[in-house]
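Asker: Sequence:
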Amino acid sequence: MLSLIVVSVLVLGISAQNHPWDPQPRDANWLKRHEALVNQTLQHKTEEQIVFVGDSITEGWGGNGKAVWAKYYTPRHTFNYGIGGDQTQHVIYRIQNKEFDGLNPKVTILMIGTNNAGGNTVEDIAHGVNETVKELLGKMPNTKVILLGVLPRAEPLGAKVKQVNELIAKLNNDKNVFFLDMWSAYETDGKQHTELYVSDKLHLNEKGYEMWQQTMEPLLKKLDPTL
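In terms of mature numbering (1 follows the signal peptide of the UniProt record, and there is no 0), the sequence shown is residues -16 to -1, 1 to 211.
Some hints here could point you the wrong way.
[Claimed, not checked] Mimicking EDC-like on lysine to aspartate or glutamate, the simulated pairs with C-alpha atoms at most 20 angstroms apart in a straight line are: (1) Lys118 / Glu150; (2) Lys154 / Glu119; (3) Lys82 / Glu115; (4) Lys154 / Asp165; (5) Lys159 / Asp208; (6) Lys128 / Asp85; (7) Lys50 / Glu201.
In short, the hints are calculated from the structure, not lab data. Note that the coordinates shown come from a computational prediction; the quantities given were computed from them, not determined experimentally.
Make the full structure from the sequences, and use the hints.
Answerer: And the structure:
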């Protein structure tokens, strides 16, 4: 009986923390991935000039975006901290648990929030993104954050993530947070540029990653011409 009560309390505790701004881990496989990224930091923290942070779309630089990454980012000592399926609360957990300890990159690129769209309000997602940015700057106070808007996706969630972008755009301060909305590169007049996506209309193909690099490059060079 006692064990059942303990399990119930744990389940209720996890459910109660399901806000986009409350740090939350995932399953055992995810924790292994997190530990691998902690080790990446320990091994390369003095080398890292640019870091990418996010979910599967960011992680995809190691898949469909691999050739683009090798050409434009590997020579600039860039490291990837994307984990598929992550929501804002999971990234916050990672930040608070050693993944970025001791890092001092010139630029940090963050795209997060699309996986929150199915279960959280627009306002709550934006709050979660805001807290993620705060946590990153808390760990890496000298970095400049490029906060990317969530990319267009198929309905019914496409309109919702566009509203999220309208809110998180306000986090731009032209000092250490620079919002970049890449929406028009991936959608025109409400029509998603499906040639940049794989069949799920959420994740990017190689052309989609080429577009990301091309769209972001002017801002990246503006923030640090040495990169």
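Asker: Can you give the numbers of the hints that this structure goes against, from lowest to highest?
Answerer: none
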